[in-house]
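Below, each chain spelled out in residue letters.
Number of protein chains: 2
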Amino acid sequence: MILVSGVAGFIGAKVAKSLIESGKVVVGVDDLSLGKLSNVPKGVIFEEFDLANTHLVKTLEKYGDFEAIYHIAGQSGGEPSYDDPVRDLNSNTASTLNLLSLALKSNDCVFVYASTVSVYGENGKTQLQQEDDTCNPKSFYGVGKLASEHYLRIYADQYGLKTRALRLFNIYGPGQSLDNMRQGMVSIFVSQALKSGQITVRGSSDRYRDFVYINDAVNAFKLAANYLNVGHFTFNISSGSATSVEQLCSAISDEFDTVPVQYEGSTPGDIHGYTGDPSRIESVLGWTATTPLNIGLSEMSLWAKETVE
Amino acid sequence: MILVSGVAGFIGAKVAKSLIESGKVVVGVDDLSLGKLSNVPKGVIFEEFDLANTHLVKTLEKYGDFEAIYHIAGQSGGEPSYDDPVRDLNSNTASTLNLLSLALKSNDCVFVYASTVSVYGENGKTQLQQEDDTCNPKSFYGVGKLASEHYLRIYADQYGLKTRALRLFNIYGPGQSLDNMRQGMVSIFVSQALKSGQITVRGSSDRYRDFVYINDAVNAFKLAANYLNVGHFTFNISSGSATSVEQLCSAISDEFDTVPVQYEGSTPGDIHGYTGDPSRIESVLGWTATTPLNIGLSEMSLWAKETVE
Numbered sequence: 001m002i003l004v005s006g007v008a009g010f011i012g013a014k015v016a017k018s019l020i021e022s023g024k025v026v027v028g029v030d031d032l033s034l035g036k037l038s039n040v041p042k043g044v045i046f047e048e049f050d051l052a053n054t055h056l057v058k059t060l061e062k063y064g065d066f067e068a069i070y071h072i073a074g075q076s077g078g079e080p081s082y083d084d085p086v087r088d089l090n091s092n093t094a095s096t097l098n099l100l101s102l103a104l105k106s107n108d109c110v111f112v113y114a115s116t117v118s119v120y121g122e123n124g125k126t127q128l129q130q131e132d133d134t135c136n137p138k139s140f141y142g143v144g145k146l147a148s149e150h151y152l153r154i155y156a157d158q159y160g161l162k163t164r165a166l167r168l169f170n171i172y173g174p175g176q177s178l179d180n181m182r183q184g185m186v187s188i189f190v191s192q193a194l195k196s197g198q199i200t201v202r203g204s205s206d207r208y209r210d211f212v213y214i215n216d217a218v219n220a221f222k223l224a225a226n227y228l229n230v231g232h233f234t235f236n237i238s239s240g241s242a243t244s245v246e247q248l249c250s251a252i253s254d255e256f257d258t259v260p261v262q263y264e265g266s267t268p269g270d271i272h273g274y275t276g277d278p279s280r281i282e283s284v285l286g287w288t289a290t291t292p293l294n295i296g297l298s299e300m301s302l303w304a305k306e307t308v309e
Numbered sequence: 001m002i003l004v005s006g007v008a009g010f011i012g013a014k015v016a017k018s019l020i021e022s023g024k025v026v027v028g029v030d031d032l033s034l035g036k037l038s039n040v041p042k043g044v045i046f047e048e049f050d051l052a053n054t055h056l057v058k059t060l061e062k063y064g065d066f067e068a069i070y071h072i073a074g075q076s077g078g079e080p081s082y083d084d085p086v087r088d089l090n091s092n093t094a095s096t097l098n099l100l101s102l103a104l105k106s107n108d109c110v111f112v113y114a115s116t117v118s119v120y121g122e123n124g125k126t127q128l129q130q131e132d133d134t135c136n137p138k139s140f141y142g143v144g145k146l147a148s149e150h151y152l153r154i155y156a157d158q159y160g161l162k163t164r165a166l167r168l169f170n171i172y173g174p175g176q177s178l179d180n181m182r183q184g185m186v187s188i189f190v191s192q193a194l195k196s197g198q199i200t201v202r203g204s205s206d207r208y209r210d211f212v213y214i215n216d217a218v219n220a221f222k223l224a225a226n227y228l229n230v231g232h233f234t235f236n237i238s239s240g241s242a243t244s245v246e247q248l249c250s251a252i253s254d255e256f257d258t259v260p261v262q263y264e265g266s267t268p269g270d271i272h273g274y275t276g277d278p279s280r281i282e283s284v285l286g287w288t289a290t291t292p293l294n295i296g297l298s299e300m301s302l303w304a305k306e307t308v309e
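Going down the list, the protein sequences come from chains U and D.
Sequential numbering of the first sequence, starting at 1, is according to the numbering used here.
Sequential numbering of the second sequence, starting at 1, is according to the numbering used here.
Because the hints were derived from the structure by calculation, they are not lab data.
Hints may be right or wrong, so weigh each one.
Pairs count within a copy or across copies, as identical chains cannot be separated in the list.
To be verified - Below, computed lysine to any residue pairings styled on SDA-like, alpha-carbon distance capped at 20 Å:
#, residue 1, residue 2
1, K105, D84
2, K58, D84
3, K195, L178
4, K195, V284
5, K58, Y82
6, K36, F49
7, K105, Y82
8, K305, L194
9, K58, D83
10, K222, E282
This is chain U alone, in the form it adopts within the complex (with noise of 0.2 Å):
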């Protein structure tokens, strides 16, 4: 039996689609609070819950043993988390604690947890972040991730736990929520090419970020709960490459027959540019991106037409 929070948003209810489809059983967690219901996939057993109430590890313990927890749920964005911070820190980090409790108590559970390359910040990297860089996040949502993963080293290092967790870049694809126009740079601009006919940036053209296809992302998800070593492992789930702001808008543009893209203002806490360096992952579970980004914004917008039409 495998646990999955967040079942409700866009990459946990994808993971746990894709674990059905491998034959798992799946119980799905989601407070509902970001996540819809009518994204939860067919055959999860569903749990409404908050994650930060410390009941959680009572309300859980019934379903005995989980193989793997994947703890996905969370407040997703940087700007967001400038609206409430205390409200993100439990969101993103006390959840944290109550699952790793719940994980203590299966049998030989493998912990993964989707991380950020938020918890970067501005390290002074301009290129590349690699897993032992330095972290200085600039996001409230950065610094509960990172405060997360040290929690997973502790429970690896005191308590022989295996935990991972996965610096997601820019994960996008079908699936995201269009409604959403604070969180998930592609899938606000195709919302807005396809809603009102124009991209609106708020930010400068050459700032550039790494993508990687939502199918990539719950195979790295997949693969991490599979690699059964001891101890507390860190991957970037990243593609290597940079694309700018400015060849995204351009090429979502093309798919929805040339729509206008305007800048204007900006982003708070937001970085200029970031690329990860995916060596890591690629030499200790082979994972690598492979969808090309045409391709994966071929699939996105045509999910989103038949989507909002």
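Guided by the hints, dock chain D onto chain U, whose structure is given.
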């Protein structure tokens, strides 16, 4: 007007007393979960309040502008943080977010935070930890304190707040709890020597620490608050000298007519040894730890004898 959190605890009470003696008006907050009402110095305007409660800001706004906030409250031991990591996170991290939010409402407030040597953890350094060294906290306590430091930095960068994190090494002296047998190496050994006529050490004799007398630490807090440069600063509050557990026990033993010392077991999350490089605070604030250990231990032992007898 000045705010001191943790005013019923060892360090908070001493800082508040010293501020009152300097003629300042001091509002003190404490939830009395660990501190004692009897510790609160005369003249302090006392508010009993849980600092993790988000109503904190509304409660304290009535006092108007604070020229400085000393955030000293919090669960203060590595070992107890293993009992209930979520409580530790609320006590040490959510509390910081609430007080930072309060600081921002005051005109030109300086925010001084009691951080800890525990943020360094096991980072491969064997001597003289420096403020820019890698932080790999080994305890939940250290993770929560490190997250708070990141919050201070973000408040300085994003909102222009003047923030200072003091990484306290082993602070000891009169006023330290003689009842809490899980926190404070000096106070634990002094209490044992006094109450049971023997010192029982959990861990090896060649571990080493960097001890700073309470009056020196209080001076560091006041200097940090009086330093008006814009930005975030991190300072070690350390002597730069290593004292082994054996040397410490021997010195304490001498103060109590030679009590025997026994070594057994270990302490969870314990670090073998650490000392801190005090050169940054010396060059920036002109602070050094001036009280020799033997003088400080004499004062501490005299006070303990008067208190317990």
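Next item on the list: Go through the copies and call it for K105 and D84: within, between, both or neither, with a Cα cutoff of 20 Å.
Entry: between (32 Å within a copy, 16 Å between copies)
Next item on the list: Tell me, please, which holds for K195 and L178 at an alpha-carbon limit of 20 Å: within, between, both or neither?
Entry: Within one copy, since 10 Å is at most 20 Å while 67 Å is not.
Item checked: Homomeric proximity label, K58 with Y82: Cα distance no greater than 20 Å -> between (32 Å within a copy, 19 Å between copies)
Note to self: If the cut is 20 Å between Cα atoms, do K305 and L194 qualify within a copy, between copies, both or neither?
What the structure shows: within (7 Å within a copy, 77 Å between copies)
Margin query: My question is about K58 and D84: at a cut-off of 20 Å on alpha-carbon distance, are they close within one copy, between copies, both, or neither?
Written below: between (28 Å within a copy, 15 Å between copies)
Check: For the identical chains here, do K195 and V284 meet the 20 Å Cα criterion within one copy, between copies, both, or neither?
Finding: neither (42 Å within a copy, 55 Å between copies)
Notebook entry, point to check: Given a CA cutoff of 20 Å, do K36 and F49 count as a within-copy pair, a between-copy pair, both, or neither?
Noted result: Within. Shortest intra-copy distance 13 Å satisfies the 20 Å Cα cut-off; inter-copy 37 Å does not.
Notebook entry, point to check: With identical chains treated as interchangeable, where does the CA-CA distance between K105 and Y82 reach 20 Å or less: within a copy, between copies, both, or neither?
Noted result: between (35 Å within a copy, 16 Å between copies)
Checklist line | Copy assignment of K58 with D83, given that the CA separation must stay at most 20 Å | finding: Result: close only across copies, 17 Å inter versus 31 Å intra.
Check: 20 Å Cα cut-off: does K222 pair with E282 within a copy, between copies, both or neither?
Finding: within (14 Å within a copy, 51 Å between copies)
Going through the hint list in order, the structure does not satisfy hint 4, though it satisfies all others.
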